[in-house]
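Chains E and P, in that order, are what the protein sequence lines are.
The first sequence begins at 1 in UniProt numbering and counts up one residue at a time.
The second sequence begins at 1 in UniProt numbering and counts up one residue at a time.
To be clear, the hints were calculated from the coordinates, so they are not data collected in a lab.
Take the hints with a grain of salt, since some may be wrong.
Copies of the same chain look alike in the list, so a pair counts if it fits in one copy or across any two.
To be verified - Heads up, simulated BS3-like pairs for lysine-lysine below, C-alpha to C-alpha not over 30 Å straight-line:
| no. | residue 1 | residue 2 |
| --- | --- | --- |
| 1 | Lys462 | Lys205 |
| 2 | Lys93 | Lys439 |
| 3 | Lys89 | Lys439 |
| 4 | Lys85 | Lys700 |
| 5 | Lys69 | Lys404 |
| 6 | Lys101 | Lys270 |
| 7 | Lys93 | Lys436 |
| 8 | Lys85 | Lys253 |
There are 2 protein chains.
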Amino acid sequence: MKRTILLVLMSIVMQLTFAQKVATWIYYPGDFEIWLANQVQNRRTDRGTFFPPFWKMDSFYVLVEFSKKVTLAKPEDISLRVEGKYNVKIDDKFLPGFPTKIAIPAGHHLIQVKVYDQANVPAIYVNGTTIKSDSSWLVTYEDKEWIDASGRASDTSTGTVYVNAGSWNFNSPDTPPSHFKLPTTPESPVSMTKKDKGMLYDFGKETFGYVKFNGLRGKGLIHIYYGESPEEALSTHYCETLDSLPVDNRLPKNVTMTDSKAFRYIYIVKDGQLSYHSLSMNYEYLPLQQTGSFKCNDTLINKIWDVSAYTLRLTTREFFLDGIKRDRWIWSGDAYQSYLMNYYSFFNSPAVTRTIYALRGKNPVTSHINTIMDYTFYWFMSIYDYYQYTGDKFFIKQIYPRMKSMMNFCLTRRDANGMMEGLPGDWVFIDWSDFKMSKAGEVSFEQLLFCRSLEVMASCAKLENDTIHEKEYNDLEKGLRSKLFTAFWSNKANAFIQNRVNGIKSTQVTPYTNIFAVLFNYLDSTKTEDIKSGVLLNPNALQITTPYMQFYKLAALCALGEQKHVLNDIRSYWGGMLRLGATTFWEQYNPNEKGAQLLAMYGRPFGKSLCHAWGASPIYLLGKYYLGIRPTTPGYKTYAIEPHLGGLQWMEGTVPTPHGKIYVYYSHTLIKVRSDEGTGVLHFSSLLKPSCENGDIINKGHHQYEMQVQAGRSYTITCK
Amino acid sequence: MKRTILLVLMSIVMQLTFAQKVATWIYYPGDFEIWLANQVQNRRTDRGTFFPPFWKMDSFYVLVEFSKKVTLAKPEDISLRVEGKYNVKIDDKFLPGFPTKIAIPAGHHLIQVKVYDQANVPAIYVNGTTIKSDSSWLVTYEDKEWIDASGRASDTSTGTVYVNAGSWNFNSPDTPPSHFKLPTTPESPVSMTKKDKGMLYDFGKETFGYVKFNGLRGKGLIHIYYGESPEEALSTHYCETLDSLPVDNRLPKNVTMTDSKAFRYIYIVKDGQLSYHSLSMNYEYLPLQQTGSFKCNDTLINKIWDVSAYTLRLTTREFFLDGIKRDRWIWSGDAYQSYLMNYYSFFNSPAVTRTIYALRGKNPVTSHINTIMDYTFYWFMSIYDYYQYTGDKFFIKQIYPRMKSMMNFCLTRRDANGMMEGLPGDWVFIDWSDFKMSKAGEVSFEQLLFCRSLEVMASCAKLENDTIHEKEYNDLEKGLRSKLFTAFWSNKANAFIQNRVNGIKSTQVTPYTNIFAVLFNYLDSTKTEDIKSGVLLNPNALQITTPYMQFYKLAALCALGEQKHVLNDIRSYWGGMLRLGATTFWEQYNPNEKGAQLLAMYGRPFGKSLCHAWGASPIYLLGKYYLGIRPTTPGYKTYAIEPHLGGLQWMEGTVPTPHGKIYVYYSHTLIKVRSDEGTGVLHFSSLLKPSCENGDIINKGHHQYEMQVQAGRSYTITCK
């Protein structure tokens, strides 16, 4: 009882903490993200040549108006900081000049700050006793407030679209959004070896940051060749990234390179009479809390989890990037997987929403996201997942208008059957594969994702009380879904075929559509079994060679209860990379390849990224399908724990929730659970008889049990 | 004969000159204009407080790709200058780093330069022997060129929208668009007078620029109060614009203010121990060639023409601005009139296209231009006028896609009758007036302008060979036009009524719709006479008090042959401002107002702009309806000269054409004409018998004559 009181008190304290408002820099929602994404994505170089994205890059609104209605019990002085040229109106009257301190009298008042900036995102920071800039402030990019010949202002209550301001963690007046930069920390190489005319440095593992020369003197040129492998660093002609540093005595003695790079190895060749004491680096990172964890009796699996987490840590930066060496771009399909992994490791929600905003950009929509049709659909799907894991309904409100306009773009591109075919300029990607996959006409994979996206739209419309669109999206989804089987199911192959061109079904069967049909639960039990045996577990079926699609294939197998099989696949596939010395997981891995093949891709000897987000999927698989934790209502208000050992003797781990974590230890004889929030249901099977001191175990029959899990309590179940 | 040969030779030389390509900075069309418009329109201050526009300000594309296919007879070295971070591809292969000199081999080649810049408009300047960056280069904001896993680039021939590059006169590698600034020249006040605690300077006439203090020393604060009138400058509490300059000994001795202002008078009040030798200014201007001219026997009319030209000169700057003191914004309705005046004075085409681009901004369209419904329609109308006067078909090609999307915005906002009513956020402006004009429901004025805009769309669609839209716009126009009379013509008032609300015609008759119905030639002769006598010449009808609508009223009267009446109106209305000491023409003038009333507007004692573009309409009226010169096919390929003395004894003047001018002297006994280009037809009436040595005068009967005018020949007609 005392404990309960304590918990209630703690909960009140937490609520008060959350309720206490903090002033923060605010801006038009998405504008900081779009500005930052422009910077980040235009950093790519290819052996010193600038290599920008090939899709439209948007920009922020240069002129916006922030406003807030306040009611003050007593007068209040507020301070104001602004990025840009600005004016302030209190109750529709201009204050003179550019005020930085403003006295607001008691009573009801309207504060308006209008800001123009062409180079940086217009932003403000307001701080008073009770008045503080935050996302409750409204913002618009056209206030439409004209003044007539008599000096009367127009009625702005109609016609102007106000939205809630965007914000992040810029909570100090001295850290405006334009100053944003990731932090760095110094690191040193673990070894150096003379090679040919130069010196090869090894940092011990894949890393990311700015090379630094200490005690530099002399005159000449330093050539810097970066490598994820020693082969790459030493290949001065083919390494993917390089730099050069002109040196003369006028330079300061310690020089840090201005471009960040990914590498484990660095090969330095000096040209001229110059020297330096040592080489180090400034490791650049996004501060992340690793709330998720996983341990079991299998050290290989533990190593795979740790290397996965490190891979995801490196690729989780300003945004969820694909990989850190080459593109460093925001790819929707790659990011979609990162989000899911993130929910089982760092639970960094701002990184998710930043990425979703950046991918979407602004209206008008002129192409698919990243120009890729499937990537548009992953974008929709990611939003509902985000809501499910975080319960962040505010974000849905903010992004919903952009979801609608994105979906409108899709809807205008349907064929006569209401399906989406690749039109000129559309990239139908699906996966990298060695076999020739047909992408013509109506591709079944795209229709499945389109169907799921329509479901997401209907759900979000419902959340936003947009009943007209909810019905529209629901109808569209039903219509499309009803066509999927007649259009793409083959009774001969007992599987979905790849595509249909001019009404004629192809005979090609690929794993992709079949995997997603399982994941989306679109199948009856017969078809499920057909796909499981004929496609997923069939060694003669087309095999996947990217960790990207391995992710979904293994998830589908887990969803079908094949945890044991999947664990063996993880051991051999990811274990295979570890045996080859991987310190992070790769963009592509074909166990049949050897030597130089392992590093090559895109027709280039070192084209392959050796630190690729989509390589880190074991984090997700182990958290979701082994620890078995997932929200059942948004934000883990309720959730399920369904552990599966998959052949392990024991496992334990934590899965993050919005304000804490869920802990599970699981073996055949001992189960421990604890959660910081929400109400969970533990489902488990046991041949032995389980008992728990403070929990009510319900026997569901056939050795299946259930037990409710309350927040803040530790449960121990012993099975004897 | 010799003369003909000389002319032919000159023509060849001119063609060669035009054909010789000049390298110029190029950018995405409209992007420089949008960037510049952001700067210009965010310069407004209201007594030191920043006062930005209330409509959406767009921005340029931050990432664009320029390309050009070339065929070289021999190898060529090109030099490259870029604003932004960039890469270069020749024949789909990257050049390393950031090349500034590139050797292009002989043969066919594709040059691609991709540029990223967040702060300035991405732009390039390429110069070789034959390869020169100009508007023949293509540009896109999304090249959609992805590379597959094998390293093969995608096919970019489909899906990517390429348009011709934008350019102006940035013909030197050292003058990139971002360096653009109008030139200045020093000017001094004509008098100074001690007033109260300060000094009042008079520059003799309205001017614009940067105040400069020479020989400044001491410590304190200088207060600068600007005035278009002495009353305004001396009103330290109510003058519309002011500045202050902190002075201490560390300052350089000569200080120029950083903000440009409009003024004739400056009142200086010193605060502290400080002094200066003298005050001057840097007059800022757009270099303009005043090709248009007008002289006649009436010195008042001559003065009106000169002051009009000076007014238009001051408001014709980076863009055609409304006025120079207050808004300094780009208002579509104001600009529309400036364009027309410009065709009869400076013929500065780049200023027209800059303004049209700036007004349109980018997609998506979220409101009417300047939020004003009528201003959207003027924008459409201005484009066809521009084509008619300049023959610049290239501009139509460039702007046509933006016309279509702007018209789409309008079409989605029609009511059940296919008419446009003011929706929330729409400003139905028409004119400033002292009487309460109804703007509810279907306003007849707006439907007329909408109808005309649809005509323009059909014409431009035809020019662009867009037959589907040509038919659509034609059908829409016919449909709307057929409804105008039933909806708005009153057989009781014998005029168009103001509006119709929920199907019920109002009884209010205003001049506006009736004026435009005359100008658009939408009326039969009976209705024309009804409007002429009942509205336009009726002293009891509602009177116009802005030069803005005077423009159209007087144009309509001239179109009906009332040149004599109009000339008297010009004498009294514009002459009235001159008698009150105007050195430029005003935003509003009501001959019944006196004293302080003359300066007040918008509820402020000095709110009225005394140098307003729409005040300069006599330039247009005298050129078009007295000299009587207008193109009859685009770009003055053919044109008409129909002089009307309107009671004058003689007049002479020039009207600019794309590559020259047309000169006319006209009296009852002597006519002289000369033209640099095109084929003209002189129409004139004479009670005496006209004869011409080198022209064929055709007698059309009823004292009407016609004569063809060939380019480069001088004609003298004597009437005896």
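Here is how each hint holds up against the structure:
Taking CA atoms no more than 30 Å apart as the test, Lys462 paired with Lys205 passes in neither setting, with 47 Å inside one copy and 65 Å between copies. In this assembly of identical chains, Lys93 and Lys439 lie within 30 Å of each other by CA distance solely across copies; the values are 27 Å between and 60 Å within a copy. For the identical chains of this complex, Lys89 and Lys439 are inter-copy neighbours only, at 29 Å across copies versus 57 Å inside a copy, given an alpha-carbon limit of 30 Å. For the homomeric pair Lys85 and Lys700, neither the shortest alpha-carbon distance inside one copy (67 Å) nor that between copies (65 Å) is at most 30 Å.
In this assembly of identical chains, Lys69 and Lys404 lie within 30 Å of each other by CA distance solely inside one copy; the values are 29 Å within and 40 Å between copies. Taking the shortest alpha-carbon separations for Lys101 and Lys270, only the inter-copy value of 27 Å comes in at or below 30 Å, while the best intra-copy value is 56 Å. Only between protomers do Lys93 and Lys436 lie at most 30 Å apart by alpha-carbon distance; the minimum there is 26 Å, versus 67 Å within a single protomer. With identical chains, the CA atoms of Lys85 and Lys253 are at most 30 Å apart between copies only, with a shortest distance of 28 Å across copies and 39 Å within one.
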